[in-house]
Amino acid sequence: EDKVVQSPLSLVVHEGDTVTLNCSYEVTNFRSLLWYKQEKKAPTFLFMLTSSGIEKKSGRLSSILDKKELFSILNITATQTGDSAIYLCAVEPGNTPLVFGKGTRLSVIA
Amino acid sequence: GAGVSQSPSNKVTEKGKDVELRCDPISGHTALYWYRQSLGQGLEFLIYFQGNSAPDKSGLPSDRFSAERTGGSVSTLTIQRTQQEDSAVYLCASSLAARQSGELFFGEGSRLTVL
Numbered sequence: 067e068d069k070v071v072q073s074p075l076s077l078v079v080h081e082g083d084t085v086t087l088n089c090s091y092e093v094t095n096f097r098s099l100l101w102y103k104q105e106k107k108a109p110t111f112l113f114m115l116t117s118s119g120i121e122k123k124s125g126r127l128s129s130i131l132d133k134k135e136l137f138s139i140l141n142i143t144a145t146q147t148g149d150s151a152i153y154l155c156a157v158e159p160g161n162t163p164l165v166f167g168k169g170t171r172l173s174v175i176a
Numbered sequence: 010g011a012g013v014s015q016s017p018s019n020k021v022t023e024k025g026k027d028v029e030l031r032c033d034p035i036s037g038h039t040a041l042y043w044y045r046q047s048l049g050q051g052l053e054f055l056i057y058f059q060g061n062s063a064p065d066k067s068g069l070p071s072d073r074f075s076a077e078r079t080g081g082s083v084s085t086l087t088i089q090r091t092q093q094e095d096s097a098v099y100l101c102a103s104s105l106a107a108r109q110s111g112e113l114f115f116g117e118g119s120r121l122t123v124l
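From first to last, the protein sequence lines are chains A and B. No gaps in the numbering here: position 18 of the first sequence is 84 in this note's numbering, and each next residue is one more. No gaps in the numbering here: position 58 of the second sequence is 67 in this note's numbering, and each next residue is one more.
These aren't lab readings, by the way, just hints derived from the structure by calculation. Predicted model, so just to flag it, every value in this text is computed and none were measured. Cβ coordinates follow ideal geometry from the N, Cα and C atoms, glycine included. Be aware that a few hints might be false.
Unchecked claim - Derived DSS-like pairs: lysine-lysine, alpha-carbon spacing no greater than 27 Å straight-line: (1) A:Lys168 with B:Lys20; (2) B:Lys20 with A:Lys106; (3) B:Lys26 with A:Lys103; (4) A:Lys168 with B:Lys66; (5) B:Lys20 with A:Lys107; (6) A:Lys69 with B:Lys26; (7) A:Lys107 with B:Lys66; (8) A:Lys107 with B:Lys26.
What the hints assert, rightly or not - Some residues of chain A that are not near chain B, with every Cβ distance over 12 Å (derived): (9) Leu75; (10) Ser76; (11) Val78; (12) Asp83; (13) Pro109; (14) Leu112; (15) Gly125; (16) Ala144; (17) Gln146; (18) Thr147; (19) Asp149; (20) Glu158; (21) Ile175; (22) Ala176.
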């Protein structure tokens, strides 16, 4: 059965801290791994990763994939209160819909 | 529309009643998905529509759940004889591709509370 496991499940940091969120997976016919940010209701797309070792970067957020060890990390530097959200990792296996992890709830306090 | 639109945004119902949740995807998107998110849980896949193909219903948790997509656009998720464990946020998403190729665009969700 396809599986995506995220850690930690929740995290509280102070503004300015750097955080690393983890996502490991077991899927058949891996196609891509995606990160989403869910602040209130609708998850919004952050990154899609398909190749190992190539970092994707957007402002203070970056992500990398390791297809040999079957995991990805999402880094957020110089965190701000606006980064508080649930971060969802999802994997696309073959021709089936995305499989999501349970998410990491990040709280950034001033 | 500009984004995926879902209605109602909130629904409170009594156990045993039927409910219908509606999703209007982004215009031109051929693929439409329903996911369910329970408190503290990730997104659980329910059903997937792609064009005129038969839907992938493999995620529906019981025969009380059904969905249809009329005219390749609007979709309705129906839950019959609701149970308390059906309480969750039901998220709809759409994407451009004939095969899933990455990004899904999500609606704001319908929060269902079964008393």
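- Query: Which hints, by number, does the structure contradict?
  - Reply: Per hint list: 3, 6, 9, 10, 13, 14 and 20 violated.
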